[in-house]
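Visitor: Knowing the structure of chain E, use the given hints to seat chain V on it.
Number of protein chains: 2
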Amino acid sequence: MNPLKVSSRSNPNSVAGALVAVIRDQGFAEMQAVGAGALNQAVKAVAIARGFVAPSGNDLICAPAFADIEINGEGRTALKLLVEKRTRQQSL
Amino acid sequence: MNPLKVSSRSNPNSVAGALVAVIRDQGFAEMQAVGAGALNQAVKAVAIARGFVAPSGNDLICAPAFADIEINGEGRTALKLLVEKRTRQQSL
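Protein sequences appear in the order of chains E and V.
The opening position of the first sequence corresponds to residue 5 in our numbering, with each subsequent residue numbered one higher.
The opening position of the second sequence corresponds to residue 5 in our numbering, with each subsequent residue numbered one higher.
Certain hints may be false.
Which copy? The list can't say, so a pair holds if one copy fits it or any two copies do.
Straight-line distance between alpha carbons at most 25 Å, and here's what the computed SDA-like set of lysine to any residue pairs gives [unchecked claim]:
| id | residue 1 | residue 2 |
| --- | --- | --- |
| 1 | Lys89 | Gly77 |
| 2 | Lys84 | Asn62 |
| 3 | Lys9 | Gly21 |
| 4 | Lys89 | Asn76 |
| 5 | Lys9 | Gly61 |
| 6 | Lys89 | Gln36 |
| 7 | Lys84 | Asp29 |
| 8 | Lys9 | Ala51 |
| 9 | Lys89 | Glu78 |
Think of the hints as simulated: they come from the structure by calculation, not from any bench.
One chain only, chain E, in its complex shape (with noise of 0.2 Å):
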């Protein structure tokens, strides 16, 4: 599956209701940002969608990385967000 592209204009909440629907669907979620603005949306999204599954006894981590990828020809490296939900196990 392709992964949310978040841009520095997305909404953050609107961001995190889609990472949560797709990790109910798929176990994981891949978002993908470029530049601090974008990436400061995504971790926001990340932050605001943990609220979102904490009712429901569950909590949200993310694994960061970069990723080297193409915009209109030109090379540029993305910051993607794994995000899934954290297993019982994992205490804080």
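Guide: For chain V alone, coordinates are given in the frame of chain E:
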């Protein structure tokens, strides 16, 4: 313990080194970033730190959360990233 305060001028490699040291010491680390530029460096640091711990068979995950802090008497919203080792039960 105080959170690692990351700014937009922080070097992600240095922050990654500090992160790994703190996690080795106390099992987890907390980062605090105010603003998109600072958060960008913080998330890059986690991605880099994942590479630092990978050769020993470990992985790191983070859980973002909002935090109300005060800077020079003014209320600001920071993003906190709780970073810890992924447990082996947690699969991606």
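Visitor: Have a look at Lys89 and Gln36 and pick one of within, between, both or neither, based on CA distance no larger than 25 Å.
Guide: The answer is both: 18 Å in one copy and 23 Å across copies each meet 25 Å.
Visitor: How do Lys84 and Asn62 come out at 25 Å by Cα distance, when the copy is not named: within, between, both, or neither?
Guide: Result: close both inside a copy and across copies, 22 Å intra and 19 Å inter.
Visitor: Are the CA atoms of Lys89 and Gly77 at most 25 Å apart within a copy, between copies, both, or neither?
Guide: neither (35 Å within a copy, 37 Å between copies)
Visitor: For the identical chains here, do Lys89 and Glu78 meet the 25 Å Cα criterion within one copy, between copies, both, or neither?
Guide: This pair counts as neither: shortest intra-copy Cα distance 34 Å, inter-copy 35 Å.
Visitor: I want to check one pair: Lys9 and Gly61. Are their C-alpha atoms no more than 25 Å apart within a copy, between two copies, both, or neither?
Guide: Cα proximity of Lys9 and Gly61: none, with 27 Å in one copy and 30 Å across.
Visitor: Checking an output row: Lys89 and Asn76, CA cutoff 25 Å. Within, between, both or neither?
Guide: neither (34 Å within a copy, 37 Å between copies)
Visitor: With identical chains treated as interchangeable, where does the CA-CA distance between Lys9 and Ala51 reach 25 Å or less: within a copy, between copies, both, or neither?
Guide: Classified as both; 17 Å inside a copy, 18 Å across copies.
Visitor: Between copies, within a copy, both or neither: which fits Lys9 and Gly21 at Cα up to 25 Å?
Guide: within (14 Å within a copy, 29 Å between copies)
Visitor: For Lys84 vs Asp29, is the C-alpha pair at or below 25 Å within one copy, between two copies, both, or neither?
Guide: For Lys84 and Asp29, only the intra-copy Cα distance (19 Å) is at most 25 Å; the inter-copy one is 28 Å.
Hints 1, 4, 5 and 9, counting from the list given before, are not met by this structure.
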